[in-house]
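Enquirer: One letter stands for each residue in the lines below.
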Amino acid sequence: MTATTEAGKGGRTRIAEQSLGHRLKVWMANPWGKPRFMVLIAWAYVLITIIPVIVAIQFSFNAGRSVTVWQGFDLTKWYFGDSAYSVWHDPRLQQALFQSVKLAALDMLIATPLGVLLAIGLARWRGTILSNISNFIMLFPLVTPELMMGVALFLVFLNLFTFIQPSTTAQVLGHVTFSLSYVVVIVRGRLFSIGKQYEEAAADLGATPFECLWLVLFPLLLPAIFSSMMMVFAISIDDFVISQWLSCGSDCDTVPIRVYASTRGAPLPSINALAAIMVYMTLSAVGIAWLGHKFMTRGEKRSGGGGMSQAMGGGFDM
Amino acid sequence: MAGGAVELIDLNKLYGTMRAVDNISLHIPGGEFFSLLGSSGCGKTTTLRMIAGFEQPTSGHIILDGVDMTETPPHKRHVNTVFQSYALFPHLNVFDNVAFGLRRQKETPDNVNRRVNEALALVQLNGFEKRKPSQMSGGQQQRVALARALVLKPAVLLLDEPLGALDARLRKQLQVELKTLQQQVGITFVYVTHDQEEALTMSDRIAIMSQGKIEQIATPEEMYENPATVFVADFLGVSNLMDGVASGADAGGRCKVRLGNFELAAGRGASGASGNTKITIRPERVRLEPKGTAGENRIPGTVQRWVYLGNSVQLIVGLATGEKIQALMQNSGDEIPYREGSEVAVHLPAAALRVLTDTGVKLASEGD
Amino acid sequence: MYPKWLWPVFAVPGVLWLILLFLVPFYAVIGVAFGGIDPIFMNAVPTWNPVDWDYSSMIDTLHGFLPGNSYWTVLVRTTVYVALALTGSLLIGYPVAYYISRHAKKTKGILLALLVLPFWVSYMMRMLAWVNLFSPNGYINKFLIWTHIVTTPPDWLNGNSTSVVLGLIYGYVPYLILPLLAALDRIDRSVLEAARDLGASPASAFYHITLPLSKPGILGASVIIALPMFGDYYTPNIVSGSPKTTMLGNQIDIFFHGGPQPSVGASLTMLLSLFLAVLMAYYMITIAKAQKEMQA
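Chains as they are written, first to last, in this note's numbering: chain R, 1 to 318; chain A, 319 to 686; chain G, 687 to 982.
In case anyone wonders, no lab produced these hints; they're calculated from the structure.
Since the model is a prediction, treat every value here as computed from it, not as a measurement.
One thing to keep in mind: the hints can contain errors.
[What the hints assert, rightly or not] Cβ pair distances, simulated, as ranges:
#1 G:Pro902 / R:Gly195: 21 to 31 Å
#2 R:Pro219 / A:Tyr333: 22 to 32 Å
#3 R:Asp74 / A:Tyr333: 47 to 57 Å
In this text, a Cβ means the ideal position worked out from N, Cα and C, and glycines have one as well.
Please build the complete structure, drawing on both the sequences and the hints.
Expert: In C-alpha cells form, the structure reads like this:
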C-alpha cells in the first residue's frame with residue numbers, strides 16, 4: 001500500500017510539469033478529442049450561410065441607392081422614409097407585402113383545422129384499404145417538387161375549375177394544399193407521443209366521446225396545433241413557386257415574387273428592406289412558436305413529436 | 319494466458335469540479351474475477367471506462383501487466399469491454415460482429431473463421447452466424463457481446479453491468495455461466511454492477527465504491543462478515559443499524575456498548591471504541607426467545623409485523639429501547655411460536671454484534 | 687369508446703381536399719399533355735377521355751430527349767448540375783453535421799440554432815443576398831481584386847455554370863444538414879466505443895461503423911434536396927438567366943410563361959414526374975417508416 005502511494009505522489013508531480021510533447025500525446029490519446037479542422041468547417045459553413053443574409057439586411061439600411069456599395073446608414077429611408085421608393089410608398093412593394101401576409105394568414109386559418117382533423121382521422125382510422133390509400137395520398141404533397149404541383153394547379157384552374165382561374169383564391173387553395181401535409185405530420189407526431197391513455201382514463205371516469213375529444217385530446221394537442229400554425233405561416237410566407245404559378249399578374253405578387261423579379265433588374269435597397277421585413281416577421285413567428293410551445297408543454301418530459309424541428313423539411317426525421 | 323494484472327494508482331477523474339473518481343488505488347492480480355460494486359453515480363463505471371480508455375483520467379496511472387497504459391488509446395489496449403447495452407453493431411450480423419476485432423488485426427480469413435466459430439461455440443451460439451442483432455433475444459445478444467470481446471483473447475475483460483437489462487431468471491442463469499466461463503478462459507474479469515447479490519455470488523474480490531471512493535476491498539465472505547464501514551454494512555443488505563454509545567473493551571476483549579438502558583457486549587468490529595458508534599447485526603443472526611429469558615445481550619421487545627417469505631419468516635420487533643430490529647427465522651417446518659403482538663426477548667449474540675465507528679456516512683439505503 | 691365512423695369522418699374533408707386539389711390537377715396535366723391546342727387563341731384544349739387522347743405532343747417531346755436533341759442536352763445538364771450540387775452539399779454538409787452531432791458540446795445549442803436559421807429566411811431573400819455578393823462590384827469581386835487573385839472582375843451572373851452549381855449548393859445545403867444530423871444523432875455512441883475497444887482506429891471506426899450506419903440518412907437527405915433541385919428554375923434564372931444554363935425546370939417554365947405551348951409543357955412535366963418517381967417513392971417510404979416507428 002505504501003509503495004503505491006509513493007508511486008502516486010511521483011505521478012502527480014510528473015503531471016504538474018508536463019511538456020508540450022506530453023500534452024500532445026495526451027491529446028492524441030484522448031479518443032473523443034475534438035478534431036480541430038472540423039470545428040473550422042462547421043463555423044465556416046454557419047458563417048457563410050448567414051453572412052450574406054446579414055449583408056443583405058445591412059444594405060436595406062443603405063443611405064444611397066446601391067445594394068452593393070455602402071453609402072452610409074439610414075434606418076428608415078427604404079422602409080418608409082423615401083416617399084416614392086420605400087416599401088411603404090412604392091405601391092407594388094406594399095401590395096406584395098400585404099399579399100404575402102394575406103396568403104399566409106388565410107393558409108394558416110384553413111390548413112390548420114383541416115390538417116388537425118385529417119391527422120387525428122388518419123392516425124386512428126386504420127386497417128381498411130381506404131384508410132391506407134388516404135395515408136398514401138397525404139404523403140404525396142410532401143415529396144412532390146413544387147414545380148410539378150404548381151404546373152398541375154395552374155392547369156386545373158385554367159382548364160377544369162375554370163370558375164377560379166389563377167387568382168388570389170387559387171393561390172390560397174394552392175398554399176393550403178401543400179401545407180396540409182405538414183400539419184398532419186406535426187400533429188400526428190404529437191398524437192403518437194401522447195397515446196390513448198388520457199382519453200381512456202377520461203372515458204373510464206365517465207366522459208362522453210365528445211368530452212374525451214374536447215376536454216382531453218384537444219388541450220393535449222394544443223402545442224402541436226400551435227406549432228403547425230407557425231409552421232404553415234412560415235412556409236407560406238417563404239413560398240415562391242406555387243404563388244408564382246397561380247398568380248393573376250402584378251396584383252397577385254407576393255414578396256418572394258417581387259424579390260425574384262427585381263434580382264435580374266437593377267434593385268434598389270427597398271427590395272432588401274422588403275425581404276428583411278419578411279425575415280423579421282418569420283423570426284418573430286418562430287420565436288413566438290418556440291416560446292408558446294415551451295409554455296404549453298412545460299412540466300412535460302420532452303415530447304416526441306410536437307416540436308417544430310420534427311416538422312421542418314417535411315418529416316425529415318427519418 | 320498469463321498476465322492480466324491491472325493496477326490503478328491514485329486515479330482521479332474530475333468533471334468540472336465534480337469528483338467522479340476520487341483517488342483510487344487498487345491492484346487486481348491476473349485471472350481474478352474482480353467486481354466494482356456501488357449504486358449509480360458512485361464512479362464505478364467511470365473507473366471501468368478509464369481502464370478501457372474511453373475516459374482520460376484527470377491524474378493517476380493505469381498499469382496493465384507492468385506497462386503504463388494511461389495514455390494509450392482504446393484501440394491499442396489489450397483490454398476488451400462488454401457494454402451495458404451490448405453495443406452490437408446493428409448493421410452487421412453475428413459473425414461479422416464477432417469478426418470485427420479480428421479483421422482490424424488483419425487476421426487471415428481462415429483464422430477469422432476458425433476463431434469466430436470457437437468464440438461462438440464458447441457461448442453456445444453456433445448456427446446464429448447470419449442473424450442480425452435485432453433478431454435475437456436479450457440473452458443471446460449478451461452472449462454475442464461476450465463472444466465479440468473474448469475472441470480477441472484480451473488480457474482483461476471489462477464488463478459494465480452486462481446482465482442489467484435481463485430479467486431475473488435469465489440473470490441468475492447467466493451469473494453461473496459467466497463465472498464458469500471466466501474460470502474456463504482464465505483471464506481477469508473486471509465486473510461493474512450495482513447488484514450486491516450478483517457481486518457476492520460471482521466475484522473473487524469486491525471493491526465497494528461510494529462517492530468516487532473505495533469503501534472496502536475484500537472477498538465476498540470477508541465483506542459480508544466483516545464490513546469495514548457503515549456504508550458497506552448497509553449496502554450489503556439489511557443490517558439492523560442502531561445508534562449506541564461505546565465505552566471501550568471489557569476483559570474478554572469485547573466492546574461495551576450502551577443501547578438505551580441496556581448494556582451490550584459486541585464481539586466484532588472496533589472493540590476499543592468509545593463514544594457514539596453504530597452497532598449492527600445481520601437479521602439472520604438475531605435470535606428470538608420467550609419473554610423473560612435471562613442472559614447477556616437480551617432486550618425485551620414486541621413483534622410488530624410477521625411476514626411470510628417462503629423459505630423464511632421475517633419478523634419486525636420493536637425493542638424496549640425504541641429501536642426496531644429485523645429478525646429472519648428459517649422456515650424449518652416447525653411452528654414459529656411468535657405472532658404479531660407477541661412479547662419476546664431479543665437475543666443479540668455478542669459473537670454476531672459489530673461496532674462501527676464511522677457514523678457520519680450517508681447510507682446507500684437513504685438514497686441520493 | 688369512440689363510434690367507428692368518427693375517424694373516417696374526421697379524415698374526409700382533408701382527403702377530399704387532396705383529391706380535388708392534388709390528384710385531379712395531376713390528371714389535368716395528363717389531359718393537357720394528351721390534348722389539343724386551340725388554333726386561334728393558342729391555349730390548351732384538354733382531352734379528359736383517355737380514348738380520345740392525342741399523343742403527338744408527347745411523341746414530339748420524347749423525340750427531343752433522344753441523344754443529341756435539345757431536351758437531351760438540358761436533361762444531361764440538369765443531371766450534372768444536380769449531381770455536382772449534391773456532391774458539393776454532402777462534402778460540406780456531412781462534416782458539419784458530423785461535427786455538431788459528435789463533438790460540439792457546449793456550442794451545440796448555438797450551432798443548431800444557426801443551422802436552423804436559414805429555414806426561416808426566405809429562399810428568395812437568401813438568393814438575393816447571394817447575387818448581391820457575386821454582383822460585378824459586390825464583396826466577392828472586391829475581395830478577389832484586393833487579394834490580387836484576379837485583376838479583372840469575373841462575370842459571375844451571366845451563364846456561368848459554376849455560379850449555378852454554387853447557387854444550388856448555397857440554397858439547398860441547409861435542407862441536407864438537418865436530416866443528416868438527425869441520422870448521425872441516432873447512432874448509439876457506445877457502438878463507436880465498442881469499435882474502438884475492438885481495435886479500430888478512429889478512422890477505421892468511422893469507415894466501418896459511422897459511415898454504414900449513417901447511409902440511410904445520407905440517402906434520405908440527398909433525396910430531400912435532389913427532388914426540389916430537379917424542379918428548380920428560379921435559382922438558375924437568378925444567378926444566370928442565360929440559355930446556356932437552362933435546366934429542365936426552366937424548360938417547363940418557358941413553355942408555359944414564354945411561348946405558350948401548354949401541351950409540350952405538360953408532357954415535359956409528366957416526363958419529369960416519371961423521371962423522379964423512384965426518388966419520390968423512396969422519400970415516401972422513409973417518411974412512412976418514420977411514422978410507423980413513432981407509433982411503435
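Enquirer: Hints first: check each against the structure and report whether it holds.
Expert: Quick rundown of the hints versus the structure:
1. G:Pro902 / R:Gly195: 21 to 31 Å: For Pro902 (chain G) and Gly195 (chain R) the Cβ distance comes to about 27 Å; the hint holds.
2. R:Pro219 / A:Tyr333: 22 to 32 Å: Distance hint for Pro219 (chain R), Tyr333 (chain A) is violated at roughly 40 Å.
3. R:Asp74 / A:Tyr333: 47 to 57 Å: Holds, at about 52 Å.
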